[in-house]
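Now that you have both chains on their own, put them together as the hints suggest.
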Amino acid sequence: MAGFLQQVVEGLGAGAIYASLALALVLIYQFTGIVNFAQGELAMFSTYLAWQFTAAGLPFWLALVITLVVSFAGGMLIERVIIRPVEGAPELTVVIVTVGLFIFVNAAAGWIWSFLIKDFPNPFPEGALTAGGVSVGYSTLGILGVVGVVMGLLYLLFQHTKIGLGMRAVASNPGSARLVGIRVGWTLALGWGLAATVGAVSGVLVAPLLFLDPNLMGGVLIYAFAAATLGGFDSPVGAVVGGLIVGVAETLAGAYVGFIGSDLKIGVPLVIILVVLLLRPRGLFGRAVVERV
Amino acid sequence: MSELVVTDLVAGYGDARVLHGLSFIVAPGEICAILGPNGAGKTTLLRALSGMVRGRGSVRLGGTELTGRSPDAIARRGVAHVPEGRGTFMPLTVEENLRLGAYVRRRRTGVDADLDRIYTYFPALKSRLRQTAGSLSGGEQRMLAIGRALMLRPRLLLLDEPSLGLAPLITRELFRIVRAINEQERTTVVVVEQNAHLALGIAQQAHVLETGRIVLSGTAEQIRADEQVAQSYLGYRV
Chain D
1 MAGFLQQVVE GLGAGAIYAS LALALVLIYQ FTGIVNFAQG ELAMFSTYLA WQFTAAGLPF
61 WLALVITLVV SFAGGMLIER VIIRPVEGAP ELTVVIVTVG LFIFVNAAAG WIWSFLIKDF
121 PNPFPEGALT AGGVSVGYST LGILGVVGVV MGLLYLLFQH TKIGLGMRAV ASNPGSARLV
181 GIRVGWTLAL GWGLAATVGA VSGVLVAPLL FLDPNLMGGV LIYAFAAATL GGFDSPVGAV
241 VGGLIVGVAE TLAGAYVGFI GSDLKIGVPL VIILVVLLLR PRGLFGRAVV ERV
Chain U
1001 MSELVVTDLV AGYGDARVLH GLSFIVAPGE ICAILGPNGA GKTTLLRALS GMVRGRGSVR
1061 LGGTELTGRS PDAIARRGVA HVPEGRGTFM PLTVEENLRL GAYVRRRRTG VDADLDRIYT
1121 YFPALKSRLR QTAGSLSGGE QRMLAIGRAL MLRPRLLLLD EPSLGLAPLI TRELFRIVRA
1181 INEQERTTVV VVEQNAHLAL GIAQQAHVLE TGRIVLSGTA EQIRADEQVA QSYLGYRV
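Chains as they are written, first to last, in this note's numbering: chain D, 1 to 293; chain U, 1001 to 1238.
With the rest of the complex left out, here is chain U (with noise of 0.2 Å):
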C-alpha cells in the first residue's frame, strides 16, 4: 500500500515545461530524498504535489486525487509545504504563525497540545513565541516554518531545501528533527535537497532528477553506493 503516487507527472509555467512525466510511488511513513542538481525541477515538483504549479498526470494521496485542486485545498487533505527561503509571516507572532499551521484543522481541541509538542522538538522557538518571525535568524525561521506545518498535523510533510542557507552545523540539527519527527509521527516525508549527503542520511528512498526526468531511483543505500551516479550527478564523491 502506497501513501503518495505520482503518476506521469507533467508540470510547468506557462509554456516552459519543467517536469516531463514524473512516477514514483513512497510509502507511508517513508521519508523520501528528491535530489539533483540546479535546475532539476525539485522544486517544480514539491509546487506540483502542493497546487502551487498546475500540474497534469495524476498525484494521490491515500487514495485521493490532487491534482487540478487549488493549494488550499490540498491542504485541507493533509499535505504540509514548506517552501524554500522561509515562508513565514514576518509581521506576525511565532505563536500566531504556529497558530496559522493548525488553521484548517476543524476542531480547535488539541491545538496546545500540539504547540507544546512542536516546542519539544524546537526549543528555541518557545522563548521567542512573543516575537515576530521576523526577527528570528535564518535558522529559527526555517524551524518555525517546519512547527507550523506539522501543526496542520500533515499525512504528507515536503520539505523544500531544508539546508539552504544554513550553517553546516544548524542544517544537521535540523535534519535530525526531520528525522525524530518522521519516526515518533508516521509522517511520510518528501524532502528535496542539494546536500545529497545529508538527505540521503535520513531518507530511505531517493530519486535522482535531470531535466525534468527521474534517473535513477533506489535506496538510500544504492544511491549512496553508486560513485559513478554521486559523480555525474550529485557532483561530488561520496
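Bound-form chain D, shown alone (with noise of 0.2 Å):
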C-alpha cells in the first residue's frame, strides 16, 4: 500500500509540470483556438534565460522573476509579430505557423547555448517529508506548491478582475466583445504573454528534474498533449486535473504493468488522447455549452 502510495506522489509530482503546461496550452486555445504547437519551446528557451540569469550570478528567485516577466512580454511579441499576419487564416495555417515557431526557437536555442546538456540549479533543498512509510521529497512538495500558486493566481485574474473579465468576454464572442469596447487584439497578446509565462513556469520546474538541452520540452509537451485532451482544451481547470491524472497514470503503469516499465512510458499519453478522442472528445471538463433555442 505505501509503495503504492509513494508512486502516486510522484505522479503528482511528476503530473503538475505537465498540469503547468497544459495550462499554458488550454490558456491560447481559450482565446483563438489555436493549439501552439511551440508552447513547450518557448518554456524551453525561458528556461535557458533563467539559467543564463543565474549563471551570471544572480540568485535564483531573481533570475526567476526576471525570466517570468521577459517571457511575458517574449510572449506578447510573438503574438503581435508572428501571429497576428495569420490571425483569421485557416486554422492549417496557423499551426503551421506554430510548428515554424517550434522549429526556429528550437534552433536559436541550439545555436545560442549549443545543444550540449546543462545542469539547471535545483530551488528545492534535498530530502524528504516521511508520513505512514511514503516520503515525499521537498521537489515534489515545491512544485505542487509552485503550480498551484500559479492556478490561484490565474482565478483571482479571470475571476476577479476586470481585465480577466474581458479576457473571458473575448474568448467567448470577439465580436460582441469589440462591441462593449474591448481591444480585442491586446487581449490575445496578452493571453500569450501569459501561456509564455505560465509555460516558463514549467520549464523552470522539470528542468533540474532532466537536463537542460533544447529537447528539455519535447517530451513534456506531449505529456501536456494528453493532459489538455483529458481536461478539455477549453478548461484550465481541466488542464490541471488532467495533467495530474496523466502524471500518475503514467508512474503506474510504468510501475505495475510489467512491459511498460520505463522505456514505454511515453506510450501512456498518447493512449490517453486516443481514447479520449474516441469516448469523449470534449474531454472531461470541456465546455458543453447549455443553451436554449
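Please keep in mind that the hints were generated in silico from the structure rather than gathered at the bench.
Cβ atoms here follow ideal geometry from the backbone N, Cα and C, with glycine treated the same way.
Keep in mind that the hints are not guaranteed to be accurate.
[Unchecked claim] Estimated spans, in silico, between C-beta atoms of each pair:
#1 D:I163 <-> U:E1221: 35 to 41 Å
#2 U:A1027 <-> D:H160: 38 to 44 Å
#3 D:W186 <-> U:R1017: 30 to 36 Å
#4 U:H1020 <-> D:R282: 44 to 50 Å
#5 U:S1217 <-> D:R282: 37 to 43 Å
#6 D:L210 <-> U:D1116: 40 to 46 Å
#7 U:G1063 <-> D:P85: 33 to 39 Å
Laid out in C-alpha cells, this is it:
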C-alpha cells in the first residue's frame, strides 16, 4: 500500500509539471482556437534565460522573476509580430506557423547555448518528508506548491479582475467583445504573454529533474497535450486535473504494468489521447455549452 | 442640432457593395426606424455605424467623425450596438454580461446604480444574475443584450431586429421598454426592424431602404399613412 501511495505521490509531482504546460496550451486555445505547438519550445527558451541569469550570478528566485517578466513580454511580442498576420487564416495555416516557430526557437536555443546538456539548479532543498511509509521529496512538494500558486493567481485574474473578465469575454465572443469596447487584439496578445509565463514556470520546474538542453520540453509537450485533451482544451481547471491524472497514470503504468517499464511510458499519454478522443472528445471538463434555442 | 449625421455612406463586404451612398440625420433623443425588405442593407448600415464594417463617407456623432475608427474605439465614444441574434457572452453569468457593458467606463462609480436601473427595465434578469447567459430564453437574451448596451450609458443605441425570432407578446413588451428607455434616458436610438408596424409605433422618423439606397424618408406618421409605400416596400397593408 505504501509503495502504491509512493508511486501516486511521485506521479502527482510529474503531473503538476504537465499541468502547468497544459495550462499554457489551454490559455491560448481558449482565446484563439489555436493549438500552439511551439509552447514547449518557448518554455525551453525561457528556461535557458533563467539558467543564463543564474549563471551570471543572480540568486535563483530573482532570476526566475526576471525570466517570467521577459517571457510575458516575449509572448506578447510573438503574438503581435508572428501570429497577428495570420489571424483569421485557416486553422492549418496557423498551426503550421506555430510548428515553424517550434523549429525556429529550438534551433535558436541550440545556436545560442549549444546542444550540450547543462545542469540546472534545483531551487528546492534536498531531502524528503516521510509519513506513514511514504516519503515526499521537498522538490515534489515545491513543484506542487508552485503550480498551485500559479493556478490561484490565474483564478484571481480571471474571476476577480476587470481585465480577466474582458479576457473571458473575448474567449467567448470576440465580435461582441469589440462592441463593448474591449481591445480584442491586445487581449489576445495578453493571452500569449500569460501562456508564455506559465509555460516558463513549467520549464523551470522540469529542468532540474532532467537536464537542460534544447529538447528539454519535447516529451513534456506530449504529456501536456494528453493532459489538455483529457481535461478539455477549453478548461484551465481541466488542464490541471488532466495533468495530475496523466502524471499518476504514467507513473503507475511504469511501476505496475510489467511490459511498460520506463521505456514505454511515453506510450501512456498517446493511449490517453486516443481513448479520450474516441470516448469523450470534449474532455472531462470541456465546455458543453448549455444553450436554449 | 443633429446628434447623428450620416453623409454619403458607402459600405460593403469585399467587392460586394451593399450601401450606395446613404445620407440621413437623427436628432438628439429621437428614435429613428430603418425599414425595408430582406437584403436592403439594414444590418450593414448598423454595422457601418458601429465600425464592424468599414465604410466610406462620413458618420458624425455629436460632431465627432466615426468613420475609419475601430469598433472598440467607436464603443468608447458612446455607441452601443445590439447585434442581430443574441450577441451575449454565453458562458458568462448575466451579471458579468451586464458589467462588461460598462467595460469602457473609466470610473467605477455609478455602475451598481446602473445595474439596479436595468433591473427595473428588465426584472426577469434580476432573478437570474448567477445563471449563464446561455441558459436564458431567446427573449431574455435579447433583454440582456439591450441591458448590456445600456450599461455603456450610450449616446447612441443601435438595435438590429429586436423582434427577430421572438413571440409577439414578448416583442411588444421589448418595444415598450425601448421606448421607456428612450424617454427616460434621452438616448438616441436607431432601430432596424422587419416588423414595420411595431417600429413605426415607437419611432419619430423613419427611412425605407431598398437595395442599399434610401427610397423614402419621413416622420413615422407619414410613412404609416402612405399606403402605397406599405405595399411596395414593407409588404403589408397598414
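Holds or violated: 33 to 39 Å for the Cβ distance of U:G1063 and D:P85? 36 Å, holds
Satisfaction of the hinted span 35 to 41 Å by the C-beta atoms belonging to D:I163 and U:E1221: Distance hint for D:I163, U:E1221 is violated at roughly 49 Å.
In this structure, is the beta-carbon distance linking D:W186 and U:R1017 contained in 30 to 36 Å? The hinted range 30 to 36 Å holds for D:W186 and U:R1017, with Cβ atoms some 31 Å apart.
Is 37 to 43 Å right for how far apart the beta carbons of U:S1217 and D:R282 are? 51 Å, violated
Outcome of range test on Cβ distance (D:L210, U:D1116; 40 to 46 Å): 57 Å, violated
Is the gap between the beta carbons of U:A1027 and D:H160 within 38 to 44 Å? For U:A1027 and D:H160 the Cβ distance comes to about 43 Å; the hint holds.
Mind checking the hinted window 44 to 50 Å against the Cβ distance between U:H1020 and D:R282? The hint (44 to 50 Å, Cβ to Cβ) holds, given that U:H1020 and D:R282 are roughly 46 Å apart.
In this structure, the hints that do not hold are numbers 1, 5 and 6, in rising order.
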